[in-house]
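Taken in sequence, the protein lines are chains A and B. Here the first sequence stands for residues 30 to 139, numbered as in the working numbering. Here the second sequence stands for residues 6 to 117, numbered as in the working numbering.
In case anyone wonders, no lab produced these hints; they're calculated from the structure. Heads up, the beta-carbon is just placed ideally off N, CA and C, and yes, glycines get one too. Please note that the accuracy of each hint is not assured.
Capping the alpha-carbon separation at 20 Å, the derived lysine to aspartate or glutamate pairs in DMTMM-like fashion look like this [said to hold, decoys possible]:
{"no.": "1", "chain 1": "B", "residue 1": "Lys16", "chain 2": "B", "residue 2": "Asp91"}
{"no.": "2", "chain 1": "A", "residue 1": "Lys82", "chain 2": "B", "residue 2": "Glu105"}
{"no.": "3", "chain 1": "B", "residue 1": "Lys22", "chain 2": "B", "residue 2": "Asp68"}
{"no.": "4", "chain 1": "B", "residue 1": "Lys83", "chain 2": "B", "residue 2": "Glu19"}
{"no.": "5", "chain 1": "A", "residue 1": "Lys84", "chain 2": "B", "residue 2": "Glu105"}
{"no.": "6", "chain 1": "A", "residue 1": "Lys83", "chain 2": "B", "residue 2": "Glu105"}
{"no.": "7", "chain 1": "A", "residue 1": "Lys84", "chain 2": "A", "residue 2": "Asp110"}
{"no.": "8", "chain 1": "B", "residue 1": "Lys22", "chain 2": "B", "residue 2": "Asp91"}
{"no.": "9", "chain 1": "A", "residue 1": "Lys97", "chain 2": "A", "residue 2": "Glu34"}
{"no.": "10", "chain 1": "B", "residue 1": "Lys20", "chain 2": "B", "residue 2": "Asp91"}
{"no.": "11", "chain 1": "B", "residue 1": "Lys83", "chain 2": "B", "residue 2": "Glu25"}
{"no.": "12", "chain 1": "A", "residue 1": "Lys83", "chain 2": "B", "residue 2": "Glu103"}
Okay, the calculated beta carbon distance ranges per label pair [said to hold, decoys possible]:
{"no.": "13", "chain 1": "B", "residue 1": "Gly33", "chain 2": "A", "residue 2": "Arg109", "range": "26 to 34 Å"}
{"no.": "14", "chain 1": "B", "residue 1": "Ala7", "chain 2": "A", "residue 2": "Thr104", "range": "26 to 34 Å"}
{"no.": "15", "chain 1": "B", "residue 1": "Asp62", "chain 2": "A", "residue 2": "Lys83", "range": "30 to 38 Å"}
{"no.": "16", "chain 1": "A", "residue 1": "Arg134", "chain 2": "B", "residue 2": "Ala7", "range": "26 to 34 Å"}
{"no.": "17", "chain 1": "B", "residue 1": "Asn15", "chain 2": "A", "residue 2": "Glu44", "range": "28 to 36 Å"}
{"no.": "18", "chain 1": "A", "residue 1": "Gln43", "chain 2": "B", "residue 2": "Ala7", "range": "20 to 28 Å"}
{"no.": "19", "chain 1": "A", "residue 1": "Ser55", "chain 2": "B", "residue 2": "Gly21", "range": "37 to 45 Å"}
{"no.": "20", "chain 1": "B", "residue 1": "Lys20", "chain 2": "A", "residue 2": "Glu46", "range": "15 to 23 Å"}
{"no.": "21", "chain 1": "B", "residue 1": "Thr18", "chain 2": "A", "residue 2": "Pro68", "range": "18 to 26 Å"}
{"no.": "22", "chain 1": "B", "residue 1": "Thr102", "chain 2": "A", "residue 2": "Gln43", "range": "35 to 43 Å"}
{"no.": "23", "chain 1": "B", "residue 1": "Val73", "chain 2": "A", "residue 2": "Thr122", "range": "23 to 31 Å"}
Computed footprint of chain A on chain B; a stretch qualifies when at least three of its residues, placed anywhere within it, have a C-beta under 8 Å from a C-beta of chain A [stated by the list, open to error]:
{"no.": "24", "stretch": "32–45"}
{"no.": "25", "stretch": "48–55"}
{"no.": "26", "stretch": "60–73"}
{"no.": "27", "stretch": "101–108"}
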Amino acid sequence: KNEVEQSPQNLTAQEGEFITINCSYSVGISALHWLQQHPGGGIVSLFMLSSGKKKHGRLIATINIQEKHSSLHITASHPRDSAVYICAVRSSTGRRALTFGSGTRLQVQP
Amino acid sequence: GAGVSQTPSNKVTEKGKYVELRCDPISGHTALYWYRQSLGQGPEFLIYFQGTGAADDSGLPNDRFFAVRPEGSVSTLKIQRTERGDSAVYLCASSLTEREQFFGPGTRLTVL
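Kindly produce the complete structure, drawing on both the sequences and the hints.
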């Protein structure tokens, strides 16, 4: 079992829909990251969370430390949101490297 | 300001050849990370530098892989005797603190 699991693997939505991507992890963490990767490989950091909830524009990220679960929500989705969304965690052991989920491929259709 | 840059953007090589991949981190960032991303997967950790030294190289898959960062800035990932299974996108990231990591565009390596 991977340390970081994401669901769904693939998601197709219609423009304007509310989208939720889930991330579960099995290790103790000091932080959880949500990243966006567009075709061509470039990765952009969206959020870093250690507790609670963060919002940026139409994106909302939440984390429940007790349940070892995080969600990324996109409100009023748009075709430009189409990308791969990756959850990554930094272990609470002090190790600096991130452990990544395998990503959720989102396609938003007009 | 300039972000993390990686060169080349694409590299095609033949099985058994030696390759070098370069990463230029954001100026002043002391931490530098190398990750490898196979098709359809999330990135996997290879090695992490703090300054000039490799603080954690536990992700290097075998002794064909080696990385250096001699002056604490630019880093080179070196792969000897390349194999077809080495084909992947090699990502570099840098950071100043333990918080956000800034990723480069990656180098797509194809071993024929």
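(request) Tell me if chain A covers the stretch 101–108 of chain B under the three-residue, 8 Å CB rule, please? (result) holds (count 6)
(message) Within 37 to 45 Å: is that where the Cβ-Cβ distance between Ser55 of chain A and Gly21 of chain B falls?
(response) holds, 39 Å
(request) Please work out if Lys84 of chain A and Glu105 of chain B have their alpha carbons no farther apart than 20 Å. (result) Holds, at roughly 16 Å.
(request) Would you check chain A against the stretch 60–73 of chain B, counting CB to CB pairs closer than 8 Å, and say if three or more residues qualify? (result) holds (count 3)
(message) Just to be sure I understand the hint, the distance between the Cβ atoms of Gln43 of chain A and Ala7 of chain B should be within 20 to 28 Å; is that true here?
(response) violated, 38 Å
(request) Decide if the proposed pair is consistent with the structure: Lys83 of chain A and Glu103 of chain B, CA atoms, cutoff 20 Å inclusive. (result) holds, 18 Å
(request) With a cut-off of 20 Å on the C-alpha distance, tell me whether Lys83 of chain B and Glu25 of chain B pass. (result) holds, 5 Å
(message) Does the beta carbon distance between Gly33 of chain B and Arg109 of chain A stay inside 26 to 34 Å, or does it fall outside?
(response) holds, 32 Å
(request) Measure nothing beyond the straight line between the CA atoms of Lys84 of chain A and Asp110 of chain A; if it is 20 Å or shorter, mark the hint as holding. (result) Answer holds: Lys84 of chain A to Asp110 of chain A is near 16 Å, not above 20 Å.
(request) For Ala7 of chain B and Thr104 of chain A, compare the CB-CB distance with the range 26 to 34 Å and indicate the outcome. (result) Check passed, 33 Å falls within 26 to 34 Å.
(request) Can you let me know if the beta-carbon spacing of Asn15 of chain B and Glu44 of chain A is within 28 to 36 Å? (result) Taking Cβ atoms as reference, Asn15 of chain B and Glu44 of chain A lie about 33 Å apart, which means the hint holds.
(message) Taking 8 Å as the Cβ threshold, is the statement that the stretch 32–45 of chain B is covered by chain A upheld or broken by the three-residue rule?
(response) holds (count 5)
Of the numbered hints stated above, those contradicted by the structure are hints 18 and 20, listed in ascending order.
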